[in-house]
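Assemble the whole structure, with the sequences as input and the hints as a guide.
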Amino acid sequence: MTSRILLCASVAIACAAADAIPRRQETLAIMRRVNDWQKANPRMKPGDRNWERGTWYTGVMASWKATKDRAFLDQALAWGKQHEWQVGTEIGGGNRLFCVETWAELYLKQRDRSMIAPAIQWLDTNAPNSPGGARRWYLERTYPYVDSLYGAAALAMLSKATGNPKYIRIMHAFFDDVTGELFDKESGLYYRDYRFKGKLSPNGKKIFWARGNGWAFAGIARILEYLPKNDPKRAEYVAIYRRMANELVKRQPADGLWRASLDDPEALPNPETSGAGFFCYGLAWGINHGLLDRKEYLPAVKKAWNGLVQSVSPEGMVLWGQQVDAQPNAAERDSTHEYVTGAFLLAGSEVYKLAGAK
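Basically my numbering = 1-based index in the sequence shown + 652.
These are calculated hints, taken from the structure and not from any lab test. Incorrect hints may have been included.
Claimed, not checked - Okay, the calculated beta carbon distance ranges per label pair:
#1 Asp-883 - Ile-772: 14 to 22 angstroms
#2 Leu-943 - Arg-787: 43 to 51 angstroms
#3 Gln-975 - Glu-918: 17 to 25 angstroms
#4 Arg-787 - Asn-882: 40 to 48 angstroms
#5 Gly-785 - Lys-885: 18 to 26 angstroms
#6 Thr-777 - Pro-966: 41 to 49 angstroms
#7 Asn-778 - Arg-722: 21 to 29 angstroms
#8 Ala-786 - Glu-888: 43 to 51 angstroms
#9 Gly-1008 - Arg-722: 46 to 54 angstroms
#10 Gly-850 - Ala-723: 45 to 53 angstroms
#11 Glu-967 - Leu-852: 37 to 45 angstroms
#12 Lys-717 - Asp-977: 37 to 45 angstroms
#13 Glu-877 - Gly-856: 33 to 41 angstroms
#14 Arg-886 - Glu-984: 17 to 25 angstroms
These figures come from a predicted structure and were not determined experimentally. The beta-carbon is built from N, C-alpha and C at its ideal position, and this holds for glycine as well.
Structure below.
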């Protein structure tokens, strides 16, 4: 009887350890390994500051803010200086702001006006992909798309940096338009763009792309971090954020990693780490900022982070990342990209904080 009791106790301790939040040293070590691998294996050209690399560097900045590891800060500073703090090179205005998030957060650290001056100038430019030149400056071709919402936080950051509320007003109009067209109130999730509204998956399910919803969910968390507490529309962002969190947890598989098609995982059964990274980040962020109940949501964060860590190769490559796309498609084991690394670092930054939180 005694040996049986000891065995049961040992199993319980082992299970508890596996389900525990990892120590900060462990989380920082794997974040460094993943980031170092990406630096040694870039997917974009050295001169790129597009959305793929911009997403990676939002993760780099989040890693520095959480851990205060100077290497992350120096990496972000070097990237900004290389590009002279210019906006992104994409056609879509929303995606042009991805790199600006890094410039703005660096400005808030160092108060060097040159870091945000080009972005401020561009926002007033009379161009069809700038708020100064068009009402719907954030379109892809002729329609809004959910990915662009990840850039919206740059406007809240710039408002905080400058004290000018007009950037908040621009952001609200941008967010309301995209959300009004693409947020499905029945499911609490976003369509990628209008082409998927009313369209069904091979198994007759609505088509909600994991990474597309990841762009929105992580983007809203980043907006809320910089949106003033007394902003009249803050409650609207919080409501959508909490609704998404609730719906995402319902759809989380046992291994912690969501599939590319959130409502039809059987159609694309491989795990997908870019969407999972964004979801892990957003859920952990909500716990750390008091918007999500720790007891209710921490198990989902633990499962997601464990699945992400298990998806890192010995060299530091984050596996199972869906390639550049605009809809759910299969992710292969050895598939990755710079934005996959960025999503992993974002998740790691908030898991790192969780280890020191009560």
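For each hint, the structure was consulted:
Taking the beta carbon of each, Asp-883 and Ile-772 are about 21 angstroms apart, inside 14 to 22 angstroms as hinted. Checked against the hint of 43 to 51 angstroms, the pair Leu-943 and Arg-787 fails, with Cβ atoms roughly 31 angstroms apart. Against the hinted window of 17 to 25 angstroms, the Cβ-Cβ separation of Gln-975 and Glu-918 comes to about 21 angstroms, which satisfies the hint. The hinted window of 40 to 48 angstroms between Arg-787 and Asn-882 is violated, with their beta carbons roughly 27 angstroms apart.
Take Gly-785 and Lys-885: their Cβ atoms lie about 24 angstroms apart, and the range 18 to 26 angstroms holds. At roughly 47 angstroms, the beta-carbon separation of Thr-777 and Pro-966 lies within the given 41 to 49 angstroms, and the hint holds. Checked against the hint of 21 to 29 angstroms, the pair Asn-778 and Arg-722 fails, with Cβ atoms roughly 41 angstroms apart. Evaluation of the 43 to 51 angstroms hint for Ala-786 and Glu-888 yields a failure: the beta carbon distance comes to about 24 angstroms.
Checked against the hint of 46 to 54 angstroms, the C-beta distance between Gly-1008 and Arg-722 comes to roughly 19 angstroms, which is inconsistent with it. Under the hint 45 to 53 angstroms, the C-beta atoms of Gly-850 and Ala-723, about 48 angstroms apart, fit the expected range. Range check, Glu-967 to Leu-852: Cβ separation about 40 angstroms, and the 37 to 45 angstroms hint holds. Checking the proposed 37 to 45 angstroms range against Lys-717 and Asp-977 shows it is violated: the Cβ atoms sit about 29 angstroms from each other.
Under the hint 33 to 41 angstroms, the C-beta atoms of Glu-877 and Gly-856, about 38 angstroms apart, fit the expected range. One distance hint, 17 to 25 angstroms for the beta-carbon pair Arg-886 and Glu-984, is violated here, with the actual separation near 40 angstroms.
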